[in-house]
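Q: Based on the sequences and whatever the hints tell you, model everything.
Protein chains: 2
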Amino acid sequence: MTYPRATIVERLQALVGEANVLTAPADVEPYVVDWRGRYRGAALAVVRPGSTAEVAAVVKACAEADVALVPQGGNTGMCGAATPDTSGSAIILSLARMRAVRALDPANATITVEAGVTLAVLQQAAAEAGLLFPLSLASEGSCTIGGNLSTNAGGTAVLRYGNARDLVLGIEVVLADGRVWDGLRGLRKDNTGYDLKQLFIGSEGTLGIVTAAVLKLFAAPRTRITALAATGDLARAVELLRALKQALGDRLVGFELIGDLALRLSRKHHPDSPDPLPDHPWYALIQVNDSAADAGLGALVEGALAAAVDAGIVADATIAQSQEQADRLWALRENISEAQRREGPNIKHDISLPISAIPRFVDETGAALVAAFPGARLVVFGHLGDGNLHYNVAAPDGSAAECFLDHTPEANRIVHDRVVAAGGSISAEHGIGQLKRGELAHYKSPLELELMRRVKAALDPRGLLNPGKVL
Amino acid sequence: MTYPRATIVERLQALVGEANVLTAPADVEPYVVDWRGRYRGAALAVVRPGSTAEVAAVVKACAEADVALVPQGGNTGMCGAATPDTSGSAIILSLARMRAVRALDPANATITVEAGVTLAVLQQAAAEAGLLFPLSLASEGSCTIGGNLSTNAGGTAVLRYGNARDLVLGIEVVLADGRVWDGLRGLRKDNTGYDLKQLFIGSEGTLGIVTAAVLKLFAAPRTRITALAATGDLARAVELLRALKQALGDRLVGFELIGDLALRLSRKHHPDSPDPLPDHPWYALIQVNDSAADAGLGALVEGALAAAVDAGIVADATIAQSQEQADRLWALRENISEAQRREGPNIKHDISLPISAIPRFVDETGAALVAAFPGARLVVFGHLGDGNLHYNVAAPDGSAAECFLDHTPEANRIVHDRVVAAGGSISAEHGIGQLKRGELAHYKSPLELELMRRVKAALDPRGLLNPGKVL
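Protein chains in written order, with the working numbering: chain A, 2 to 472; chain B, 2 to 472.
Rather than coming from a laboratory, the hints here were simulated on the basis of the structure.
Among the hints, erroneous ones may be present.
[Stated by the list, open to error] Under the rule of at most 25 Å between Cα atoms (straight-line distance), these lysine to aspartate or glutamate pairs were calculated in the DMTMM-like manner:
(1) A:K445 <-> B:D178
(2) A:K445 <-> B:D183
(3) B:K61 <-> A:E449
[Said to hold, decoys possible] Only part of the chain A face toward chain B is listed, based on derived beta-carbon distances under 7 Å:
(4) A104
(5) A108
(6) N153
(7) G155
(8) Q199
(9) S292
(10) P355
(11) D387
(12) L448
(13) R455
None of the values given here were measured: they were computed from a predicted structure.
Just so it is clear, CB atoms sit at the ideal spot from N, CA and C, and this is done for glycine as well.
A: Now the structure itself:
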C-alpha cells in the first residue's frame with residue numbers, strides 16, 4: 002500500500018501525535034539550520050517520535066510515500082549532515098525525544114541508552130554508578146549519543162579509549178523500510194556472522210537510523226594530572242608522545258598539540274588565560290589519569306617529563322598543582338575554537354596522518370600555503386595522540402577575512418593533496434556530511450566509492466535515508 | 002572472457018608457477034583436513050600465491066572460470082571455515098607464502114604485515130621494536146594474521162586490548178572479482194565514509210580475501226604479575242572482576258575463569274602441575290601488566306586481593322613470585338584443552354554472555370544438562386573478563402565418550418537456548434565456519450540473516466568466496 006506524498010504530514014501526525022509534527026516555520030527553523038549557520042535547508046515537517054516503535058512507523062510511512070528522511074540528533078555536527086537540502090521535500094526525523102537510559106549494568110560495565118540522550122547526561126549516568134563513559138567533546142552538553150555514533154565522534158580521549166565506534170557493543174537500528182534490527186547486545190565477544198553494527202556506526206544516517214545503543218563503561222579515574230610541555234619542533238612533540246606512551250602506558254589519556262599562534266589567539270580572546278610557558282613554537286597539553294587512588298602517578302609523570310627535558314625533547318614543562326590549575330590549562334586548548342571564531346573566518350581542515358608523518362607534513366604544507374597566500378597564518382592544534390590535526394588557515398593580518406574564504410577550494414587542494422599523499426585522511430573526526438562530499442569524491446579511489454555505493458544500495462536501495470550526504 | 006573449468010589449474014600454474022599449485026593428493030592432504038581432523042574436504046588444487054598481485058590474478062582467474070575459492074591461513078580454525086566441501090570443485094587459496102613484514106613505524110606505533118605472517122612472528126617483530134602486539138592465542142605459533150582478522154580472533158588479552166578487530170587500522174583486500182582494495186591506512190581517526198574494513202574483518206573469507214593489514218602496537222609491559230584467586234561461587238568471581246577493574250584499571254590484562262573440574266583435569270593430565278589452592282569450586286587466573294618499570298604494581302595487586310579477601314569475595318589467593326611460577330600458573334589454564342582431549346571427546350561450546358548474567362546462566366544450564374544427561378560433567382573455563390566461557394559437557398565417568406557425542410544436538414539446544422535467552426552469543430571467539438552454520442540459522446533473527454545475505458550479495462554476488470561457510 003502506498004500513500005500520496007501530500008498526505009504524509011497527516012499520517013505522521015496520526016502516528017506520533019500532532020504536537021510532535023512541527024510544520025510552522027518558526028517551529029521548524031531550529032532544525033533546518035546547522036548550529037554554525039553554514040547550512041540552511043527546508044523540510045516538509047519535523048517529526049519527533051518518542052519511541053523506537055514510533056521511529057519505525059515514521060520511517061515506514063515515509064518509505065511508503067517515497068519521502069526522504071534526514072535524521073537529526075543534537076544538531077551539533079560540523080559538516081551539515083543533519084541539515085536537509087533546500088528542496089523542502091524531506092522530513093527531518095529528530096531523535097531528541099528518545100532520551101531514556103534503558104539500563105545500566107555495573108557488573109557488565111555497560112549502559113543502554115536511547116539515541117536522544119545527550120553525551121553529558123550519559124557521562125553523568127555512568128559517573129553516578131562510579132564508572133566512566135569516556136567520550137568527551139566540546140558539544141557534549143547538547144550533542145546526542147545517536148549523533149555521536151552516526152558520525153563516529155572522536156574528541157579528547159581517543160588516544161586511550163578510541164573513537165565512538167570503539168565504545169559500542171550493540172545498537173538498535175530502524176532500517177530504511179521501517180523494520181527494526183535489534184542488535185542491542187552487551188557482549189565483548191560475538192563472532193556470529195557479519196558485524197552489522199559497524200555498517201551503521203559512522204554512516205551519518207545514510208544506512209539506517211540508530212535508536213539505541215549498548216555502550217562500554219570503564220573504571221572511573223581517581224587520580225588526574227594535567228601538564229603542559231613546550232617543545233622546539235614537531236618532531237620533538239612526536240618523540241615526547243612516544244616517550245610518554247612508554248612511560249605511562251594506558252594512563253596517558255590525552256595528548257593535545259597547540260601551536261604557538263593557536264595559543265596566542267586563545268589567550269588574546271580570553272584575557273584571563275594563564276601564560277605558563279611563554280614563547281615556544283609548540284606545546285603539548287598532557288592528561289594522565291589513573292583509576293587507582295594512590296599509585297604514585299605524580300612521581301611517574303614528573304619523572305617522565307624530567308627525562309624528556311634531560312633528553313632535550315622538552316624545553317620546559319609545568320604540572321598543574323590543583324584541579325583549578327588543570328582546568329585553566331585545559332581552557333587554553335578548549336578556547337581555541339571560540340578564539341578563532343572571534344578572530345574572523347578561516348579555512349578549516351580536520352585531518353589525520355600517521356603520527357610519524359606529521360612533522361614533515363606541517364613543514365611542507367605550511368610552506369606551500371604561505372607561498373600561495375603570502376602572510377597566511379596557520380592555526381594548528383589538535384589531538385596529536387591520534388594523529389588528528391585541526392589545521393586552519395587564517396587570512397594575513399589586516400586583510401579581509403571574508404574575501405580570504407574565497408580561496409577555500411585552492412587551500413583545500415594544497416592541504417588535502419598533501420594529506421592524501423602522506424597516507425592521511427581529509428576527515429579525521431568530523432565526517433563528510435554535505436561539506437566534504439565533493440572532496441570525498443575527489444580523493445577516494447573509484448573502487449572504494451563503488452564499494453560504498455554497493456553497501457548503500459544493499460541497505461537503502463531507494464536512497465531515502467539522508468540523501469545528498471556522504472556519497 | 003571466460004575460461005572452461007578444466008583449464009583452471011593450468012591457468013593458475015601460469016600465474017603463480019607450477020611449484021605453487023599443488024594437485025598431488027599427498028601435497029593437498031594437509032590443506033583439506035582441519036587440524037583437529039573434524040572436517041575433510043577435497044579441492045581441485047591448492048594455490049599458493051606469493052604476492053597481492055598474484056592473489057588478485059588467482060581470484061580473477063577463478064571468477065572467470067566460475068570456480069569457488071576457500072582461503073586458508075594457518076589452518077588452525079575451530080569451526081572448519083578453512084576446509085572446502087567434499088565436492089572437490091573448489092580451489093584452496095593458501096596465503097602462507099605471503100609473510101613479509103612490510104613496515105614498522107615506531108612513532109606511529111603501527112606494523113604493516115602480509116596475511117601469511119604468523120601471530121608469533123608478528124609478536125616478535127613488535128617486541129624487537131620495544132612494542133607489543135597484544136593478540137595472544139594458543140595457536141599463535143602457526144595461526145596467521147590473515148586468519149586472525151578473518152575470524153576476528155579473541156584470546157587471552159581481550160579484556161584490555163580487545164579482539165583482533167580492535168587492533169586493525171587498515172587492510173588490503175582482494176575482492177571477489179579479483180580487484181584489490183587498498184585500505185592500508187595507518188590512521189587512528191578516519192571518518193571518510195563507510196568503514197569498509199569492518200566488513201571483511203570477521204567475515205571468514207566470505208566477502209573478500211585479506212592480503213595485508215596495518216595493526217596497532219602498544220607500549221610493551223615492563224612489569225608483569227600473575228595471581229590465582231579461589232572463590233566460593235561465580236557471583237563472587239564476577240564481583241572480583243569488578244573490584245580488580247576498579248583497583249587496577251587498564252593494568253588488568255587477563256581474568257581467566259577455571260572451574261574446579263577443569264583444573265582437576267588439567268592437573269590430572271599434566272602431573273607436574275602445581276596445586277596452590279586446593280579444593281575450591283572456582284578459580285580466577287589474573288594477569289596484571291604495567292608498561293612502567295617501577296610503579297608499585299606488586300603492592301597494588303596485593304592490596305586489591307587482600308581487600309577482596311577481607312570483603313569475603315576471595316577465599317584464598319596466591320601471587321607468583323617469579324616468572325617461572327607465573328608460567329606454571331598459566332600452564333594450569335593453558336593445559337585444559339589438551340587435558341580434555343586426553344580425557345576423551347566432549348561437547349564443546351564457545352559462548353559469551355553479559356558478565357552479570359553468567360552466574361545464573363551457569364547454575365541453570367548446569368542443572369538442565371545434568372537433568373537431561375545424568376552424571377554429565379561440566380568443564381567450564383574461559384575468559385570471564387570478556388564474558389566468554391568455554392562451556393564443555395563431558396560424558397559421565399565410566400560411560401563411552403564417543404556415544405555421548407551423539408547427544409550433541411540436544412546438548413547444544415539446552416546450552417544455546419539459554420545463552421540466547423540471556424542475551425548471549427553462541428560463538429564468542431571461534432566464529433561460525435561450517436560447524437555452527439545450522440545454529441546460526443536457527444538462532445539469528447530472519448531480519449539479521451537477511452541483512453547478512455544482502456551484504457554478501459553486494460560484495461560476492463556470485464557466491465564464489467568460501468561457499469557454505471557462515472551463511
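Q: Does each hint hold? Answer for all of them.
A: How the hints compare with the structure:
Between K445 (chain A) and D178 (chain B) the CA atoms are separated by roughly 20 Å; this keeps the pair inside 25 Å, and the hint holds. For the hint pairing K445 (chain A) with D183 (chain B), the CA-to-CA distance comes to about 11 Å; that is within 25 Å, so the pair holds. As the CA atoms of K61 (chain B) and E449 (chain A) are separated by approximately 18 Å, the hinted pair is consistent with the 25 Å bound. Given hint, A104 (chain A) at the interface with chain B, is violated; its Cβ is 10 Å from that chain's nearest Cβ, farther than 7 Å.
The interface hint given for A108 (chain A) is met, as the beta carbon of that residue sits about 4 Å from the closest beta carbon of chain B, less than 7 Å. Taking 7 Å as the C-beta cut-off, the interface hint given for N153 (chain A) holds, the closest approach to chain B being about 5 Å. Hint status for G155 (chain A): holds, given a least beta-carbon distance of 5 Å to chain B, under 7 Å. Checking Q199 (chain A) against chain B: minimum C-beta separation of about 3 Å stays under 7 Å; hint holds.
Because the smallest distance between the Cβ of S292 (chain A) and any Cβ of chain B comes to about 3 Å, under 7 Å, the interface hint for this residue holds. The closest approach between the C-beta of P355 (chain A) and any C-beta of chain B is roughly 4 Å, which is under the 7 Å cut-off, so the hint is satisfied. The beta carbon of D387 (chain A) comes within 4 Å of a beta carbon in chain B, closer than 7 Å, and the hint placing it at the interface holds. Because the closest C-beta pair between L448 (chain A) and chain B is about 6 Å apart, less than 7 Å, the hint holds.
Hint status for R455 (chain A): holds, given a least beta-carbon distance of 4 Å to chain B, under 7 Å.
The earlier numbered hint that this structure contradicts is number 4, and it is the only one.
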